[in-house]
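Asker: Chains as they are written, first to last, in this note's numbering: chain A, 1 to 328; chain B, 1001 to 1342.
Since the hints were made in silico from the structure, they are not lab data. In this text, a Cβ means the ideal position worked out from N, Cα and C, and glycines have one as well. Treat each hint with caution, since some may be false.
[Unchecked claim] A short, non-exhaustive set of chain B residues, derived as facing chain A with CB atoms under 7 Å:
1) P1021
2) I1025
3) A1148
4) V1322
[Said to hold, decoys possible] Listed next, the stretches of chain A that the computed footprint assigns to chain B, with coverage defined by at least 3 CB atoms under 8 Å from CB atoms of chain B:
5) 130-141
6) 148-157
7) 230-239
8) 257-268
[Stated by the list, open to error] A few chain A positions that, by computed beta-carbon distances, are all more than 10 Å from chain B:
9) V114
10) G204
11) K213
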Amino acid sequence: MAATAIERLHRRSLGIRRALGPIAEARGMARGMLWTGAGITLVFVLLAIFAPVLSPYGFDQYQAGGRRFAQLAHPGHGHILGTTVQSTDVLSRIVWGTQTELEVVGLALAFGLVIGVPLGLIAGYFGGLFDRAAVLFMDAMFAFPPLLLAIVIAFLLGSSVSSGVLVAALAITITYVPQYFRVVRNHVISVREEPYVEAARALGAKPFTILRKYVFFNVVQNVPVIATLNAADAVLTLTALGFLGYGVQPTQGAEWGYDVSRAVSDAASGIWWTGLFPGLAIVLLVTGLTLVGEGLNETINPVLRKRSIRRVDFAAPSLEPSTEILEP
Amino acid sequence: MNQTGPSLKRYAITRLALVVPMVFILLTLVFLLMRVAPGNPVSAALGGHAPPAVIKAISHQLGYDKPVYVQYAHYLGQIIRGNFGTTISDRRSVGSIILVNGAATLELTFFALIVAIVVGVLVGLVSGRFRDSPIDAGGRLFGIVVYATPVFFLGMLAQLVFGIWLNWLPTSDQASPITEALLQTHTNIFFIDAIIDGNWTALKDIVEHLILPATTLGIVYGGVFIRLIRINVIRTLKEDYIEAARARGINERSVVYRHAFRNALVPVITVVGLSIALLLGGAILTETTFNWPGIGHELYVYLQNRDYAAVQGIVVVFALVVVAASIVIDFATAFIDPRVRY
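Okay, chain B solo, but in the shape it has when bound (with noise of 0.2 Å):
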């Protein structure tokens, strides 16, 4: 199909050389946007309120009293050096935020990737499978509506069938007060420490903790594997090598099994890097249904603080996860699909 493309090193080299213009821009966006918002910085973080002396002593030691292009360039030789900045309201540095607020998120967004993977792809090969049947329609239907609900909505009703009227399940927090205050921290992974430790009442309570955020992204999450694996299973239901591997006499159920549904997992991989904003989105609002202490929930605090450094931190720690997630999963399709290897 593509005897004349590229070869993995100079498509490996392309697409690195590509990514440096593309954070550039990228950084240089979140920095403009933050400047243009009116008022001062320092003074709205403060609450608006504070002495214009004080104002001016944090602004001269933050340096926000510089020339824009100065601060520009001290914003760019931060973030190569890996220095986020630090937030103008409780003065903690977007670094240690990512750290023991981000576990939190990667905690939560690995377990919904795994709810969203098998729902979605279990829901999506069948309908695929059977296309335009009533289980086909079902299918369809469930993706759908699964789309079509808010993480939050879904989350709230989670709460009060779960949490509240069945009282089964913990409906706030990553873990109870007393579990996060024996805990040592290791990785600030919760689920991880728990297990270092060998602490099983702590993972226990973690785990009844995680059940109905991680279930409540990984469901709507789903949906977006749904309709993608379904119009995949089509798609390779009709292609040639389906019809010489019946024309070959093979049975149906292994041609289906054997070979559409594994080519049509491929672009999976594709689906998860290209998706993982939306997770991240997805993130922002289960943390904040859930009052789950991860950095989107972080984010909406900082947000309700005016506290535009933090936002500005957050924001591109953000964006560099996605083209980080985006750069990984392109070498992976490139390794894996033989059509873009050679």
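So that you can see chain A by itself, here it is in the shape it has in the complex (with noise of 0.2 Å):
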């Protein structure tokens, strides 16, 4: 029992690592895309897990000590990035806000894994009627612009969700189930025909075991790349919902994209701060989010791959000596 156990922990452990492998293997730019992603991002994530130890202030909080902040204080003395129209500390909302974020991107990026990989792997490996309907359904879906379709989802979930974190990460979902569920099918479909599947198969597999034990992990590797630079996206369909109003509400927590909205006003009279921080605080997750997105499609994918190989001494030289880095 124990035995099994183990052994199934192992077994996982292994498919784990051959998801991580690709990182162990990059090399050069992505490489270092990779690491300078995965520093930024883990910046915000202990931002957002030590918020209330960082942050000076509440999100909300106007006055300390029964006296009220000064209302659109210069940064510097006593709040360092200045304070809001409504006398809040900005440094303390952006800090907060990494919070908001980072909770709806990864409630998000859940909702659309959890839809979308099973999904698409049940469509691709036993097509049919279900598939041809999903197809059609998902196509119809990317015909709305995506933060078209964000903002209307949040515009009907406002009033009967009151959470806004659930709320925009439901709205955000919506956008991307369909990408998952493309990627994952097409994925499908081509390793369907593979003779190991078929050898599975000609042993008298069951569709689902095949699916779990063969095809799955084939499939699953092309999704770690769309899960980052998905998030990446994620963090501006939320600011973007955030500006216009929608998905979080500003009783609710601080979040970066509402902040911003705020200050355009600001900056009609020369006011920066309010909207210059907060501002960058979007364009460095992301950035990171990217980095690491972009690092890992380059090692995942052969088209772009560059990854250190053994030398070989053939007789005849390799055609494309340029594109590979020789390691001795």
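Assembling the complex is the task here: the two chains are given apart, and the hints tell you how they should meet.
Answerer: Structural data, given as structure tokens:
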């Protein structure tokens, strides 16, 4: 009993290691991008976790010790990044905002994967009417500008779901499900005809066993790339929703996009700190996530991949020596 | 590569045949989405304070008191006839919103697209050509940072720097009030109307208003092109025919410019088509940031007013534009790329 559990754990860790393999294999610029991105992302994750400790004030706190903070105070004394029209501390709003952004993005990714990947697996493997209907439906979803779809969903859910985080996460999820579905389904279709899948089928393995044991791990390797790139995109969508006043409401938490929307009117009178800092936070977080995604893409995608290869002495020279890094 | 592939004609017929069910699903989706919203749409659009008798009368007038399937059939029938409905809050027809505000959106997105292509193609080509050099690293970083910048944030910075601090350009609206009042309407596209009349002062004013929003949207949108063109150049430079060109002793410059770049640019058409949706999404934000009176801005206002009929009409139009663009692009690529044509 215990032995099988350990064995299963071991097998699972092999799967994880296989999925993480590309990170160790990354070379050159891809490696730099991957690590820089991971570093930036890690900083934001830590910021979100330790927000209660790191943030000088609450996200909507406008006074301390009975004294109201100055309105639109310049960055500097007392408030490193200044204060807003509502007298809230800009730095605190950014730190607490990290929590909001990561919560929503994490939820949206989880929902998207849980819905999109199984649908893609089933549609791709079994084909038939379900596959056709699903493809048609997903293609129709693709015709909506993603942001438009997210806005409409957030608008519709806004009045019935009270948690802004959940509203935003669901709105973003709906825009990404078609992507996961497409990538997974198309990959499954090519894997389905591979000899090892046919062999498993010939041995009498049940369809779901085949899906779980043979197809899943071969298909799922692409998912981290899309997931990280989507995470970057999700931050942008979330901030866009916040900018337009949908999703996370001002009373529920700090949201960078909302802060920038308030700052647009400040900008008209030359006030820059209320918008610049939350905006930079968005740029930095999205850049970090994109670097991870692009780095992964470059190491996983065979067209772009550069990996270290062992030098083998063949008589014939390689056709493309310049595109590969040779390591002794 | 594709010897047994379908002919262009067959391809066109299949492609068009596939659109019909897709548009149908799309229309149904929008309809259902708008019906699952809680509350009476008429009451919501009138601010929730209108007397019940008024709400009842307007609901009856607009057909909201009929069973859902009757409403659905009516809705489909009207759209087939090109009628996208009437807004509840201010009783405008969605058709006129498309004509008037759509023209403003078209003006903005057209110039943004030009900026995007110029920026994206230049940076993308150079990055791909000098792969893994410092130039490439710089180009890629630019691409990533530009992609990571929300269009409304870049817009705010542009307003701050060029509008407020330097005081070079106006930061909102499509034209000054005086230009708007004096300009004769021919096409609703201000830029073209001014040219038709030869009204150069108006044109100068219009261009000044256009620069910040179009450049903002164009730069952000250009990030999409940088990535794809760079990858295409890299991919093309690995192709056999490039190797063959080199083997024939054609000098490297010529190989890169005449063989690699040209072929790397063919997919740009596809990308433009695929990213029309992205551009329209970006337009919603740009228009809101710069108070640009386009469809996106109208959508924002109608959402604020909870006008379901207006939102439904505008969303349908957006989706149909994307579908139409994707068909046009598919045909164009099939026409240009010999591998699809045969």
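Asker: Determine for every hint whether it applies to the structure shown.
Answerer: Verification of the supplied hints:
For P1021/B, the interface hint holds, the least distance from its beta-carbon to any beta-carbon of chain A being 6 Å, beneath 7 Å. Interface hint at I1025/B: satisfied, since its Cβ lies 4 Å from the closest Cβ of chain A, which is below the 7 Å cut-off. Against a cut-off of 7 Å between C-beta atoms, the interface hint on A1148/B holds, since the closest Cβ of chain A lies about 4 Å away. Given the 7 Å rule on beta carbons, the hint for V1322/B holds: about 5 Å separates it from the nearest Cβ of chain A.
Residues of the stretch 130-141 of chain A lying with their CB closer than 8 Å to a CB of chain B number 5, which satisfies the three-residue condition for coverage. Chain B is given as covering the stretch 148-157 of chain A, and this holds because 6 residues of the stretch bring a CB closer than 8 Å to a CB of that chain, at least three being needed. Against chain B, the stretch 230-239 of chain A contributes 3 residues with a C-beta closer than 8 Å to a partner C-beta. That satisfies the three-residue criterion, and the hint holds. Residues of the stretch 257-268 of chain A with a Cβ under 8 Å from some Cβ of chain B number 7, which satisfies the need for three, so the listed coverage holds.
Consistency note on V114/A: stated as away from chain B, and its beta-carbon is indeed over 10 Å from all of that chain's, at 21 Å minimum. The beta carbon of G204/A is kept farther than 10 Å from every beta carbon of chain B, the shortest such distance being approximately 35 Å. The Cβ of K213/A sits about 33 Å from the closest Cβ of chain B, beyond the 10 Å cut-off, so the non-interface label holds.
The structure is consistent with each of the numbered hints, conforming to all of them.
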